[in-house]
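One letter stands for each residue in the lines below.
Number of protein chains: 2
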Amino acid sequence: MDTDTTELDRVLAAAAGAAPKLAESTPAQRAEWLGAAADALDAASSELLPLAAKETHLPEAPRLKGELARTTFQLRLFGEVLTDGAFLGATVDHADADWPMGPRPDIRRAAVPIGPTLVFAAGNFPFAFSVAGGDTASALAAGCQVVLKAHPGHPELSARTGEILRTALIEAGAPEGIFAVIFGVEAGVTALKDPRIAAAAFTGSVPGGRALFDIAVARPTPIPFYGELGSVNPVVVTPGAVKARGAEVAKGYVGSFTLGGGQFCTKPGLLFLPEGHGLEDTLREAAGGVAGQTLLNERISAGFGKSVAKLREQPEVTVLAAGEATAEQFTPTLLSVRAADFLKADEVLRSECFGPASIVVTYSSQEELLDVLKQLEPGLTATVQAEESDIDEVRPLLPALTALAGRLLWNDWPTGVTVSWAQQHGGPYPATTAPTTTSVGTAAIERFLRPVAWQGFPDALLPPALQEGNPWNLPRRTDGDR
Amino acid sequence: MDTDTTELDRVLAAAAGAAPKLAESTPAQRAEWLGAAADALDAASSELLPLAAKETHLPEAPRLKGELARTTFQLRLFGEVLTDGAFLGATVDHADADWPMGPRPDIRRAAVPIGPTLVFAAGNFPFAFSVAGGDTASALAAGCQVVLKAHPGHPELSARTGEILRTALIEAGAPEGIFAVIFGVEAGVTALKDPRIAAAAFTGSVPGGRALFDIAVARPTPIPFYGELGSVNPVVVTPGAVKARGAEVAKGYVGSFTLGGGQFCTKPGLLFLPEGHGLEDTLREAAGGVAGQTLLNERISAGFGKSVAKLREQPEVTVLAAGEATAEQFTPTLLSVRAADFLKADEVLRSECFGPASIVVTYSSQEELLDVLKQLEPGLTATVQAEESDIDEVRPLLPALTALAGRLLWNDWPTGVTVSWAQQHGGPYPATTAPTTTSVGTAAIERFLRPVAWQGFPDALLPPALQEGNPWNLPRRTDGDR
Chain P
12 MDTDTTELDR
22 VLAAAAGAAP
32 KLAESTPAQR
42 AEWLGAAADA
52 LDAASSELLP
62 LAAKETHLPE
72 APRLKGELAR
82 TTFQLRLFGE
92 VLTDGAFLGA
102 TVDHADADWP
112 MGPRPDIRRA
122 AVPIGPTLVF
132 AAGNFPFAFS
142 VAGGDTASAL
152 AAGCQVVLKA
162 HPGHPELSAR
172 TGEILRTALI
182 EAGAPEGIFA
192 VIFGVEAGVT
202 ALKDPRIAAA
212 AFTGSVPGGR
222 ALFDIAVARP
232 TPIPFYGELG
242 SVNPVVVTPG
252 AVKARGAEVA
262 KGYVGSFTLG
272 GGQFCTKPGL
282 LFLPEGHGLE
292 DTLREAAGGV
302 AGQTLLNERI
312 SAGFGKSVAK
322 LREQPEVTVL
332 AAGEATAEQF
342 TPTLLSVRAA
352 DFLKADEVLR
362 SECFGPASIV
372 VTYSSQEELL
382 DVLKQLEPGL
392 TATVQAEESD
402 IDEVRPLLPA
412 LTALAGRLLW
422 NDWPTGVTVS
432 WAQQHGGPYP
442 ATTAPTTTSV
452 GTAAIERFLR
462 PVAWQGFPDA
472 LLPPALQEGN
482 PWNLPRRTDG
492 DR
Chain G
12 MDTDTTELDR
22 VLAAAAGAAP
32 KLAESTPAQR
42 AEWLGAAADA
52 LDAASSELLP
62 LAAKETHLPE
72 APRLKGELAR
82 TTFQLRLFGE
92 VLTDGAFLGA
102 TVDHADADWP
112 MGPRPDIRRA
122 AVPIGPTLVF
132 AAGNFPFAFS
142 VAGGDTASAL
152 AAGCQVVLKA
162 HPGHPELSAR
172 TGEILRTALI
182 EAGAPEGIFA
192 VIFGVEAGVT
202 ALKDPRIAAA
212 AFTGSVPGGR
222 ALFDIAVARP
232 TPIPFYGELG
242 SVNPVVVTPG
252 AVKARGAEVA
262 KGYVGSFTLG
272 GGQFCTKPGL
282 LFLPEGHGLE
292 DTLREAAGGV
302 AGQTLLNERI
312 SAGFGKSVAK
322 LREQPEVTVL
332 AAGEATAEQF
342 TPTLLSVRAA
352 DFLKADEVLR
362 SECFGPASIV
372 VTYSSQEELL
382 DVLKQLEPGL
392 TATVQAEESD
402 IDEVRPLLPA
412 LTALAGRLLW
422 NDWPTGVTVS
432 WAQQHGGPYP
442 ATTAPTTTSV
452 GTAAIERFLR
462 PVAWQGFPDA
472 LLPPALQEGN
482 PWNLPRRTDG
492 DR
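Chains P and G are the protein sequences, given in the same order. Going by the numbering used here, the residue at position 10 of the first sequence is 21; the numbering climbs one at a time, nothing skipped. Going by the numbering used here, the residue at position 477 of the second sequence is 488; the numbering climbs one at a time, nothing skipped.
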């Protein structure tokens, strides 16, 4: 099943060969391609959903159905980005003899596709972060060819999704070579080292992502590597919130950390509660009410089993809910530790644990809470559960929370990640290897664009985005004015 | 003179300590700081210019005077970027129960400073790419602390510029720790590895930049490394241009590749002329008319001497102008090679040579020219010298030229790099280690910004950029609309 070297070379040659036609494609054309791909995937849902359920153990409804809807919505939203046109960053500076630093030539800048992009699919979202997921959608929107390394957790689904996507793109007018799926670790690594690949994107674990990042940056020609790795996603609960709606917070937390078997990169791994919160029974009950869940695959089950055992071994830890493992199903594990002990404990307590487990950290004072927050590893999200009346109490925490994460939430749970213009899914390492970027939301397209300036060019040789008459009617900055 | 470990630790601690005050600073305040810094540097020109001339052998006027004017203009232009406000990328998505993928929470996104930034100064532009240069200006504008590793080529100037810049910033209200200069390779490498440093920028040679890039990405927490390294900057001359104004092109070329002693990263290293161009004598004469130039320092002189010797050794090469080295001064070296031989020759002919030397490559056909262009190493610029009547002939070359460089020029020379909104100074590796960014122009600020999203936050806890009333009157995208 793995892609052999002959086939891989053919795929990479085809991707490189698509460059001239892609460079000529207009954003409007690419919006059509993405729309056609979304329609084709929606039309194939009755085939794809059972395949996904079989390979991932995730429930077909509402989970996988919702995820496929998210995926095709995402493709169409990037179509809107293309129609909008601001993503090109078109900027026109006319020649200016009086420019203060000395006469300025006519110079115009816009983005071009970075080139063939290698996307490593994730295992935990077989649609939204896999073959036709956000990395693929944003790279295709940018005008890049995509070589998709399938995740081994859902090979059949990957092959079928890839066929449907590829056929739809090409029937809509995209060039041959625009998209292909490859299989196998070796093919992925070989492709990552290939000079025809200009960028790579990845969603997955810290060790896996870091290994690939290391390969990408060690190439004779290093390339941008957009890795979305791990995150502990701390949640801070104020005494006010405990008092006003402690039970609701406790239940929401358990719901969030067990969602999808706790296999979300935004799973809340740490809940900071004030000492004496009195929610132990509620937490225990809520955790006890969650049925056993089958994890994505045996490797993840085995890893989770070991991680939980190691967490429970820590002497500082109290067990609130002892997860049980029966017939490959896991009920939630919930531990508790005092903040002062947490800081002294093994760093396993501060690391991401993939699966239905989480840790309550009890703090004795706002000062102690801030101290712990400052020492946490950064990640994708940081959440505050508080009352409106707590605003002055929360304000001093915000610099530390902002330093910690790419997305801050107020009275919500981090496991929901909407796809929109303002979304930010990223953060300081190890949330991502590229902290100035996002892997979800419309700004994800920026990762696959490279700016180019044209100086003194005749209008007939300028790309349409920069021609004097602005034939695409783009939003442009001209001579400094928006 | 080198910064010792105690002093370095003090500098890094001060930089980290400035974070809370910097996070509170408004763009308007930072614009004031930059303006004050520019004024202070302008006021010190009579002290700084002779110091620069003494340490770099570059002429005080017009060269260094112009460069200082460029540098202070650049600081003020980033002030305009701050006043404009678009750099924050403020985006507001209100809650939307009917969002097609499922109900959307209120989510708002804007950029925050990436954090303490280490800037490695260049040797060839002692003002514009050094202590108060573009990397420093754009990082300070973004709200980042800057630790500046001085270039060993102009230590006294670096120290004085640093004092003036730092004093002006702090007197204008910037926090202690916002800026410091450090000296010595060891201090630079130690700082690059320090967890308090969040990003780094560099302008210099490929080997030096790559070594630092390798350190930055090998850290336990890798950081963005914005390295502007090397470039051969090809120039293509059409038969039409040779016919219409060959002598002018030949003279312009010699002027450009010898400007500043050929020590510009945008020096045209390859001039593609049609075979039988008949410009040999003009080129020889133009090169012969350039007086001997003292290079920046002995290390560069020695390196240039060796490179030229190696270039001249290549059997495929004809010498048009044999540069002479006397008393550490160099007259220009100009070589010629046929395109067919160029492709087979040692890769030294295709690599950047820092100093007053360049190579004419003669092509026998448009097809051969395109073939060579496709095999060149990418860089910062690619230039076309052509007539308006050549447009249809040049069009097929543009995809290859665009793949080659971050800036394309028409009937101009690459050595002038204006600072403006549309400027792009970057390109595929080895032009830069970060091909989606620019190191010159207003977009350079983007390198030092990290996006953060706030989900469901009460207005009172949102940054002003995202508050519902838009108190800073920023350009914002709201619910998808610009």
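Honestly, the hints are just simulated from the structure, not real lab data. Predicted, not measured: the structure shown is a model, and the values here were computed from it. Warning: the hint list may mix true and false statements.
Here are some of the chain P residues that sit facing chain G, going by a computed Cβ distance under 10 angstroms [claimed, not checked]:
{"id": "1", "residue": "A80"}
{"id": "2", "residue": "A209"}
{"id": "3", "residue": "I234"}
{"id": "4", "residue": "I311"}
{"id": "5", "residue": "S312"}
{"id": "6", "residue": "A313"}
{"id": "7", "residue": "G316"}
{"id": "8", "residue": "A356"}
{"id": "9", "residue": "V359"}
{"id": "10", "residue": "D403"}
{"id": "11", "residue": "R461"}
{"id": "12", "residue": "Q466"}
{"id": "13", "residue": "G467"}
{"id": "14", "residue": "T489"}
Distance ranges between label pairs, derived from CB positions [to be verified]:
{"id": "15", "chain 1": "P", "residue 1": "V196", "chain 2": "G", "residue 2": "P111", "range": "33 to 43 angstroms"}
{"id": "16", "chain 1": "P", "residue 1": "E197", "chain 2": "G", "residue 2": "R230", "range": "50 to 60 angstroms"}
{"id": "17", "chain 1": "P", "residue 1": "E187", "chain 2": "G", "residue 2": "K317", "range": "46 to 56 angstroms"}
A virtual CB, placed ideally from N, CA and C, is assigned to each residue, including glycine.
Results of checking the hints against the structure:
Evaluation of the A80(P) hint against chain G yields a held restraint, the C-beta minimum of about 6 angstroms falling below 10 angstroms. Against a cut-off of 10 angstroms between C-beta atoms, the interface hint on A209(P) holds, since the closest Cβ of chain G lies about 8 angstroms away. The beta carbon of I234(P) is positioned within 10 angstroms of a beta carbon in chain G (closest approach about 8 angstroms), and the interface hint is therefore held. Taking 10 angstroms as the C-beta cut-off, the interface hint given for I311(P) is violated, the closest approach to chain G being about 25 angstroms.
Because the beta carbon of S312(P) sits about 29 angstroms from the nearest beta carbon in chain G, more than 10 angstroms, this interface hint is broken. Here the hint on A313(P) is broken, as its CB sits about 26 angstroms from the closest CB of chain G, past 10 angstroms. Interface restraint check: G316(P) against chain G, minimum CB-CB distance 27 angstroms, threshold 10 angstroms, status violated. With its C-beta approaching chain G no nearer than about 20 angstroms, A356(P) sits outside the 10 angstroms limit, and its interface hint is violated.
Interface hint status for V359(P): violated, as the beta-carbon distance to the closest one in chain G is roughly 17 angstroms, over 10 angstroms. The criterion of a C-beta within 10 angstroms of any C-beta in chain G is met by D403(P), whose closest approach is roughly 9 angstroms, and the hint holds. Because the beta carbon of R461(P) sits about 5 angstroms from the nearest beta carbon in chain G, less than 10 angstroms, this interface hint is met. The beta carbon of Q466(P) is positioned within 10 angstroms of a beta carbon in chain G (closest approach about 4 angstroms), and the interface hint is therefore held.
Interface restraint check for G467(P): the shortest CB-CB distance to chain G comes to about 4 angstroms, inside 10 angstroms, so the restraint holds. About 9 angstroms separates the beta-carbon of T489(P) from the nearest beta-carbon of chain G, less than 10 angstroms, and the hint is met. The hinted window of 33 to 43 angstroms between V196(P) and P111(G) holds, with their beta carbons roughly 36 angstroms apart. Taking the beta carbon of each, E197(P) and R230(G) are about 28 angstroms apart, not inside 50 to 60 angstroms as hinted.
In this structure the hint that E187(P) and K317(G) lie 46 to 56 angstroms apart at CB holds, the actual value being about 48 angstroms.
Violated hints, listed in ascending order, are 4, 5, 6, 7, 8, 9, 16; each of the other numbered hints is respected by the structure.
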